[in-house]
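Trainee: Let the hints inform the model, and build the full structure from the sequences given.
Protein chains: 2
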Amino acid sequence: MNIPSKYLENAVDQLSSLPGIGRRTALRLALNLLKRSETEIDDFSKSLIDMKHKIEMCSSCGNISDKNLCSICENSNRDNKTICVVEDIRDVMAIESTSSYKGIYHVLGGLISPMDGIGPLDLNIESLVNKVASQEIDEIIFALSPTMEGDTTNFYLYKKLQSFSPFITTLSRGVAVGSELQYADELTLSRSLLQRQEFKMS
Amino acid sequence: MNIPSKYLENAVDQLSSLPGIGRRTALRLALNLLKRSETEIDDFSKSLIDMKHKIEMCSSCGNISDKNLCSICENSNRDNKTICVVEDIRDVMAIESTSSYKGIYHVLGGLISPMDGIGPLDLNIESLVNKVASQEIDEIIFALSPTMEGDTTNFYLYKKLQSFSPFITTLSRGVAVGSELQYADELTLSRSLLQRQEFKMS
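In the order they appear, the protein sequences are chains P and A.
Quick note, this note's numbering runs 43 ahead of the 1-based positions in the first sequence.
Quick note, this note's numbering runs 43 ahead of the 1-based positions in the second sequence.
Hints may be right or wrong, so weigh each one.
Identical chains share a label here; the pair holds if one copy fits it or two copies do between them.
[Unchecked claim] Listed below are the simulated DSS-like cross-link pairs for lysine-lysine, each with C-alpha atoms no more than 30 Å apart in a straight line:
1) Lys110 with Lys97
2) Lys49 with Lys78
3) Lys97 with Lys78
4) Lys203 with Lys174
5) Lys202 with Lys78
6) Lys78 with Lys174
7) Lys243 with Lys124
8) Lys49 with Lys110
9) Lys243 with Lys110
10) Lys174 with Lys124
11) Lys78 with Lys110
12) Lys202 with Lys243
13) Lys174 with Lys49
14) Lys124 with Lys49
15) Lys49 with Lys89
16) Lys89 with Lys78
17) Lys49 with Lys145
18) Lys110 with Lys89
19) Lys145 with Lys78
20) Lys78 with Lys203
21) Lys145 with Lys243
22) Lys124 with Lys202
Derived from the structure by calculation, the hints contain no laboratory data.
Mentor: Pasting the structure below:
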């Protein structure tokens, strides 16, 4: 692609560094921005700079926050003896949107993945171990993705945390609500059979 | 989506204002940016601000340029008696990448579209008429998209320009090179039949 301006080319280079944005899409985005007013572009850029400079991580759970403690850790109505371990703040948002969890979270910031060069020391694991060691905990819920990396991380965390012997659980795997049985993959269906539950009229 | 920081929410709002970027994708992009260093974010934002403040439009053809005249208009090897009328700078880039056109361009900046409230006065048409009226022109090529808006714009431009009676042409429509005949749509195939060419051994 032969872009006729080095400023446009520079913007396209930067936009195409974003995940899932190729150079063609980046050019479309850049031309869209170019049509806006200078104030709009300044607001756009300022929102990104502000985000980087002003966002703090919650010192307790690693969730994103505008303060030292996030609104969940700071909320005295939440059960701080139950910790749900997640990979990413998007998982916190997903679980929060179910309104069915009243404990607190711990955000790892990733999963152990030797293939990508991510080891336990790159993740927010030490503070979890310290937290569990230093205070009374009823339950730790591992809510990581059911992938190879998720299972590796589950295993590592289990080894680290079991000596403090709280009750450690993981999310149930099974057929998704509303999906048709015939389209479920074999592994999910077999886990769903193994972990079958007593039928209750609700 | 309940985003735990107003700075992150602001960045997501801005990113999701881009075409084809929904709020979920915007959050993914924002979190990707958040993981970068402050210098990288500053460079990212600066590239967008620079683009808006420093890019100039070519005063002759409306193409994007870093100078008053774009590299095509300023190139004395190009045939400035042939003008190719296009909608957008991406069309200039597409035609340039074929290396089979040696004339100059005129970028309209859009197409006449009453449905979207875009009339002839919103486009870069007056300067085209002035250019054609004031200098000797051999040929004007209409290279607009084969859509309703493209046809409307072709018709409007034809009415405006025919009195200066240069040779006015349009891109040929037909079956795409390398595509299979059975998958061509009826309209394209019928145009392709009507505009059939004498067979030549090349």
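Trainee: Check each numbered hint from earlier against the structure, then list the numbers of those it violates in ascending order.
Mentor: 9, 12
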